[in-house]
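Undergrad: Sequence:
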Amino acid sequence: MSTYDKIYDIVRQIPYGQVATYGQVAELAGLFGKPRVVGYALYHVAPDDDIPWHRVINAKGEISQSAFRDGSDDLQRVMLEAEGVVFEQNKISLARYRWQPPPEMITGDDTKTDK
DNA sequence: CAGATGACAAGAT
DNA sequence: AATCTTGCCATCT
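Numbers given in the numbering used here equal positions in the first sequence, counted from 1, plus 636.
These are calculated hints, taken from the structure and not from any lab test. Be aware that one or more of the hints could be misleading.
Simulated crosslink set (DSBU-like; lysine-lysine; CA at most 30 Å straight-line) [claimed, not checked]: (1) K642 x K670; (2) K670 x K727; (3) K727 x K696; (4) K696 x K670.
Using the sequences plus the hints, can you model the full thing?
TA: Here's what the structure looks like:
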């Protein structure tokens, strides 16, 4: 299990119409205080994957503009809007769309339910 | 092998 | 309150 795989798994858990910050994803992936690794992981994600990378945003509630993906940052915004996310000044209300992960995940014991 | 970079976050000024 | 500086780990050159 590579470090990135864990991050991918977390992103896949993000429900429709909700978003998560890098710090949140990093925390759930076991990378406390290391959001950079999360960003790097998503950088390796291919459009072929089923990973809702567009649901991952920075702590400012805004989309990090980078020419790393098809099109541009506008694409991510469009995809989020398609999920019902309303943008406020190119930003979204984290207070309303921030994904609340289940406690089971926070314990870090999600993959193994035995023992 | 060592140095620099990176889709960020949190603390300090 | 906004902006700057530091820290963090993995990957790239």
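Undergrad: For every hint, state whether the structure bears it out.
TA: Evaluated hints:
| no. | hint | result |
| --- | --- | --- |
| 1 | K642 x K670 | holds, 14 Å |
| 2 | K670 x K727 | holds, 23 Å |
| 3 | K727 x K696 | holds, 8 Å |
| 4 | K696 x K670 | holds, 16 Å |
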